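Read top to bottom, the protein sequences are chains A and B.
According to my numbering, the stretch in the first sequence is residues 6 to 331, in order.
According to my numbering, the stretch in the second sequence is residues 253 to 772, in order.
Don't read these hints as lab results, they were simulated from the structure.
Model, not experiment: these values are computed from the prediction.
One thing to keep in mind: the hints can contain errors.
[What the hints assert, rightly or not] No more than 27 Å apart at the CA atoms, straight line, and that leaves these computed lysine-lysine pairs for DSS-like:
(1) B:Lys-539 <-> B:Lys-507
(2) A:Lys-246 <-> A:Lys-230
(3) B:Lys-591 <-> B:Lys-636
(4) B:Lys-370 <-> A:Lys-88
(5) B:Lys-338 <-> B:Lys-390
(6) A:Lys-88 <-> B:Lys-644
(7) A:Lys-88 <-> B:Lys-423
(8) B:Lys-338 <-> B:Lys-364
(9) B:Lys-702 <-> B:Lys-370
(10) A:Lys-88 <-> B:Lys-507
(11) B:Lys-644 <-> B:Lys-593
(12) A:Lys-227 <-> A:Lys-127
(13) B:Lys-481 <-> B:Lys-722
(14) B:Lys-636 <-> A:Lys-88
(15) B:Lys-507 <-> B:Lys-354
[Stated by the list, open to error] Reference excerpt, derived from the structure (chain A facing chain B, CB under 10 Å, subset only):
(16) Leu-39
(17) Glu-89
(18) Tyr-169
(19) Asn-310
Yeah, the Cβ is synthetic: ideal placement off N, Cα and C, and Gly gets one too.
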Amino acid sequence: MFAYLAKRVIQAIAVMFVISLIAFAIQGNLGDPLRELVGQSVSEEVRQQLRDELGLNDSFVTQYLRFAGNALQGDLGTSYFFKEPALDVILKKLPATLELVFGATLIIIGFSVPLGVYTAIKPDSILSRIIMGLSIVGISIPVFLTAILMIFVFSVEYGWFPSYGRGDTVHVWGYWETNFATADGWMHIILPSVALASIMLPLFVRLIRAEMMEVLQSEYVKYAKAKGINPWRIYFVHALKNTLLPVITVGGVQIGTMVAYTILTETVFQWPGMGFMFLEAVNRVDTPLIVAYLIVVGFIFVVTNTIVDLIYGLVNPTVNIARMGA
Amino acid sequence: MTKFVRSLAAAAVVAMAPVAYAETTVRVAYDADPVSLDPHEQLSGGTLQLSHMVFDPLVRWTQDLQFEPRLAESWEQIDETTMRFKLRSGVTFHSGNALTAKDVDWTFDRLKQSDDFKGIFAPFTDVEVVDDMTFDLKTSEPYPLVLHTATYIFPMDSAFYSGTTADGMDKAEVVKHGDSFASRNVSGTGPFIVSEREQGVRVVFDRYADYWDTESGGNVDKIVLTPIKEDPTRVAALLSGDVDFIAPVPPTDLKRVEEAEGVDLITMPGTRIITFQMNQNRVEAFKDARVRQAIDYAVNNAGIVDRIMRGFGTVGAQASPAGYLGYDEALAPRFDLEKAKALMAEAGYADGFSITMMAPNNRYVNDDKIAQAVASMLAQINIKVDLQTMPKAQYWPAFDERAADMMMIGWHADTEDSANFHQFLTACPDEATGNGQYNSGNYCNEEADKLMNQSNAETDPEKRAVLLKKLEGILYDEAAFIPLHWQNLAWGAKSGMNAAEIVNALDFPYFGDLVVETGS
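Turn these sequences into a full structure, and let the hints guide you.
Structure, rendered in structure tokens:
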């Protein structure tokens, strides 16, 4: 077990190294940050001087080594735009994103389970067909389009929900301010959460439906039915339990995808989270912030994957963890 | 009334004020927020918008591009190179310090150190303090743009910005890409105080109680500025009533905002010209003025404004917009396909040739669509265009390399003066002087440069106008570049805000003068 753990940690470090290298290589191709920092009529001479000051004229290797050396001490550089350590900027924006993801997750769980189970039990009913049809539509519409449509319908036309931002937040701890403590905060988080959930919800409905249908064909369900157990008990206790295992595994992987979709959702709703911050940073060529974001997101991925693998090995003894590490 | 009773009465009024009048708050959404609270860190629209709220200039532009006294009460030319300014008395900074000529002197020195501003202040040598309320602004040569430049002098509180911070940093320092005292702390003379700021999320301004301009009817107590980058979201925020004032209104939503109830659309011709340059060093044919004219004749400027810009631009045939000294209304946009073909044939290019073209796709309004339209227009005179569009972050390095035969460039003159267009866009490129820094066409005409130099030393506006018009005429005759249009400006505002009174072609609304009708 210890050997496996050590192996996984070394792997994780190697992956982080590669991520940092790639993130750092990308920044050279993002364009010239100086154009965003100075006015149009500033002379080339002054710009060169600033590039020198920023260390942009050094070779790739020099720049990378300087970056890596600082990064190992927890310093991922200073954002040009925010004029603060990039890591601080990201950590300040993180709670807003996490709350948004949390809101979307609640919606996904709350709707996908009943809808998935229903469409599995009654695959031929009209309602099931409508749900499945809508899920195709949901998967195919890009998330930013859903978001803009929702703003125009629910904010502009009906005026039910605010159109942008986080509204009133309540400070909880450290950088964490929550939306869930005020009515205004709740109103602000609903539309973005729905938009973010819109892409993932249909996927989960379909997944639960497929798994559920398979389980319903299995011998033990047939046996339970034969024994005369209440069908709802069979569906929601016996069958659902076995359905959810693979769904949770997929769900873990999809959380990563969700981070990517937060970029679009946050941008449309002007949600002050790290996805919005990242897109802005790309537009402003705020390279230190871009690199730091990629590294932080990469780090979150690597850590969660490592933990998931470890837990998987512990929970399911048939998985040979010694071989997995090889 | 004894002094005691008076102050008691005053206290009572202050205590009752929140009950008597509701606070007037205006929520503003721009597409970006200022990068810094330091007015000298970056020369950009965002910075100037902030400066007009928190600071105050010596003089400022009116809606019809005239000068209006602000912190400078009056001025007079006392010799060829000296302008004497008289400061308004009784003006205090937000810190409580009184404004004196010393602050102007200090601010001038700081401007000279700012990378972004020192170019504009290059012709100026010094500010000499005469007395507390009087100073002389000196230039090395006679210079016609003294007042133009004075619009950039927003006196800073020299006492407030002097000394060192707790961790030993100089408070006066201008830092381009990092933390500095001035980028986070501010004391100006302007109508508003920054009371809260989270960069990229919101800035809150409160009215400065001791603001000097009591003649202004401005009644806004609080402004909440939110940057909303996404066009549809910004428009939705206005239409749903979540904000009161937005800028810019994107061309696609002009009609929507105009027709919506409860909101007004305000538009005005802007001063940024959009052009194409033809690189004579890369393409032999571009050296021939007839080929350049042919291209100008082939491009349908009016069609582009009409269809791509949806009428939201002013068709141009020169760089200077109306109101600038060099603007010559006699210069008409060229569009005549037959004439274009004839000119191509005359120059020996009836069969045409192939060129490359580059344009940004997120810098100017509809920039990539305009480039596509121009490319297809050129196909009609047998010029085959290989077009590449890219985000501005990649475009500028490509532009510096002169990476394509035809490149798009938009320009707004920081000095609000015709000579500035020529200096950067069409003057003979010269690394020493910085002339022609953005002349990717490598157009060079010594006579034009001479006219520019003459006009830069001519202080008589009428004589200057003659020189600058002549300069524009030469560039037009020679088709030195392809002018397309000036982008219009558009703001959206809640009805009854009187927002039309405070906007201007330079796009820094004077919120201090905003009179919001407060319902009974």
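Hints and how they fare:
1. B:Lys-539 <-> B:Lys-507: 43 Å, violated
2. A:Lys-246 <-> A:Lys-230: 16 Å, holds
3. B:Lys-591 <-> B:Lys-636: Holds: Lys-591 (chain B) and Lys-636 (chain B) sit about 18 Å apart, inside 27 Å.
4. B:Lys-370 <-> A:Lys-88: The given pair, whose Cα atoms are some 23 Å apart, holds under the 27 Å limit.
5. B:Lys-338 <-> B:Lys-390: Between Lys-338 (chain B) and Lys-390 (chain B) the Cα gap is close to 14 Å, so the pair holds against 27 Å.
6. A:Lys-88 <-> B:Lys-644: 22 Å, holds
7. A:Lys-88 <-> B:Lys-423: Holds: Lys-88 (chain A) and Lys-423 (chain B) sit about 16 Å apart, inside 27 Å.
8. B:Lys-338 <-> B:Lys-364: 22 Å, holds
9. B:Lys-702 <-> B:Lys-370: 24 Å, holds
10. A:Lys-88 <-> B:Lys-507: With a Cα-Cα distance of about 39 Å, the restraint between Lys-88 (chain A) and Lys-507 (chain B) is violated, given a limit of 27 Å.
11. B:Lys-644 <-> B:Lys-593: With Cα atoms ~33 Å apart, Lys-644 (chain B) and Lys-593 (chain B) exceed 27 Å; violated.
12. A:Lys-227 <-> A:Lys-127: Cα-Cα ~16 Å, so holds.
13. B:Lys-481 <-> B:Lys-722: 41 Å, violated
14. B:Lys-636 <-> A:Lys-88: 46 Å, violated
15. B:Lys-507 <-> B:Lys-354: Violated, because 50 Å separates the two Cα atoms, which is more than 27 Å.
16. Leu-39: 9 Å, holds
17. Glu-89: 7 Å, holds
18. Tyr-169: 5 Å, holds
19. Asn-310: This hint is violated: Asn-310 (chain A) lies away from chain B, its Cβ roughly 31 Å from the closest one there, beyond 10 Å.
Hint check: violations occur at hints 1, 10, 11, 13, 14, 15 and 19; the rest are consistent with the structure.
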